[in-house]
Amino acid sequence: MNRILYPILILVFFAVSCSQIDIGSIGQVAQETFSAAKPLSDEEEYYVGRAVAAQILSTYPLLENRSLTEYVNSVGETVALHSDRPVTYGGYHFAILNSSEINAFSCPGGIIFITRGTINAVRNEDELAAVLAHEVAHINHRDGVSAIQKARLTQVATLIGSQAAQRYTPAQLSQLVSAFEGSVDDVFKTIVVNGYGRSQEYHADESALSYLSRAGYDPSALEDFLERLVSQGQSSGGGIMKTHPATADRIERVKRETPSVKVDASAFKIRTRRFQEAVR
Amino acid sequence: MKVRLFIVLLFIAVPAVSLGAETVTVITKENAIRESCRFFAPVKATVHYGDALEVVSQEGDWFQVNFRGVPGCIHKSAVSKESFSLSKLHLTGSPKQSASGQEVALAGKGFNPQVEAAYRNQNPQLKFGEVNAIEGYKVSEIRLREFIRSGKLNPP
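Note that the protein sequences, when read in sequence, are chains A and B.
Under my numbering, the first sequence has 140 at position 140, and the numbering climbs by one with no breaks.
Under my numbering, the second sequence has 9 at position 9, and the numbering climbs by one with no breaks.
Worth flagging that the hints you see were computed from the coordinates, not collected in a lab.
Owing to the predicted nature of the structure, the values given are computational and were not obtained by experimental measurement.
We put the CB at the ideal spot given by N, CA and C, even for glycine.
Just so you know, not all the hints are guaranteed correct.
[To be verified] Computed footprint of chain B on chain A, listed as stretches where at least three residues anywhere in the stretch have a Cβ under 8 Å from a Cβ of chain B:
#1 56-68
#2 189-198
[Unchecked claim] Computed footprint of chain B on chain A; a stretch qualifies when at least three of its residues, placed anywhere within it, have a C-beta under 8 Å from a C-beta of chain B:
#3 136-150
#4 211-223
[What the hints assert, rightly or not] Lysine-lysine pairs mimicking DSSO-like chemistry, simulated, CA-CA at most 27 Å apart:
#5 LYS269/A / LYS127/B
#6 LYS255/A / LYS138/B
#7 LYS44/B / LYS189/A
#8 LYS81/B / LYS150/A
#9 LYS262/A / LYS152/B
#10 LYS127/B / LYS138/B
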């Protein structure tokens, strides 16, 4: 009996083990198909984002105010933790630009800039959270890297083919740096000069409303902030209008999409008080 | 008879377990394996880019994993189901070994620290030092948790 049983069991064991490889291969094919839609890996996105941030810092000076920076980071991190992509390769980092312009920029990977002008324009913590949530949404949606011309990424893919490398030859490196520089310029032009497309902005507003309500902030703070910009005439000319679609259009959409949530008035007051202390 | 039954069960059980075993790979610079599946839960181990974690189960947006014998949780956005091996990547001057397209994508197919360093050399006016300072600044978990609590916000 044993002479027959054990060899059969061994055959069954190997047959099932081999089938695991087949299942794995099927899974791999599915994963490769999925990742083909993602232009850059999270790590590459991070390096592009760092270079875009370095370019922005060459245009706008950094505001070095430790307590305000800690406050902005706390609000931003809270919103990011309630987003759909709470973890990125290098994490989320928030910094203040010493400019009176009303604007904010999200670099691929997780570095977010907000201007001193924007901090002065918001009236409470919930409005600040709304601005930062909008920028976090651009990172969640990978809107920055989507601005990179396809030809550059094709050039990179063609150059390295199926060979991965931690260090490149001088010739490879020269071509890669050229593609990298072009990619960084594409992203910089989009986020600082031309602005995202309308649909990207509307989508970012939509996601921001969701992150705000998940975090416990009042989502109507986004509408309040945008309406104030319009009433103060900040919605025309430069600043936020330069890089965003018509604010009136956004307000209409935001109004329609703002979830109705019961706002705890005492909590709102506490947050407004600490906002006032932080920006004083 | 009991011994024979045990052997039969063993042969059936081992492949069944290995069939279910799945690994995920860490895709962030650094991350934490937490005691329970929520942010701010105590950290049991620190993992780095490329570390392979054995998946035990999935709980919402979290994976219950095993890392070098340490069980715990990691958020799904910190890992990828695709696997790769850093050791398979070649260094200039060393024998080339092929890596799959997936490995190339995950390990940074084009833009990596070497490319950034060359770009920095060509553009010395860019403020990478300030970028490093921004990245180096981090609100501690204790302070962030307190910030959320005192503002009567929802914990993540």
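Self-check item: Unsatisfied constraints (hint numbers, rising)
Solution: 2, 3, 5, 6, 7
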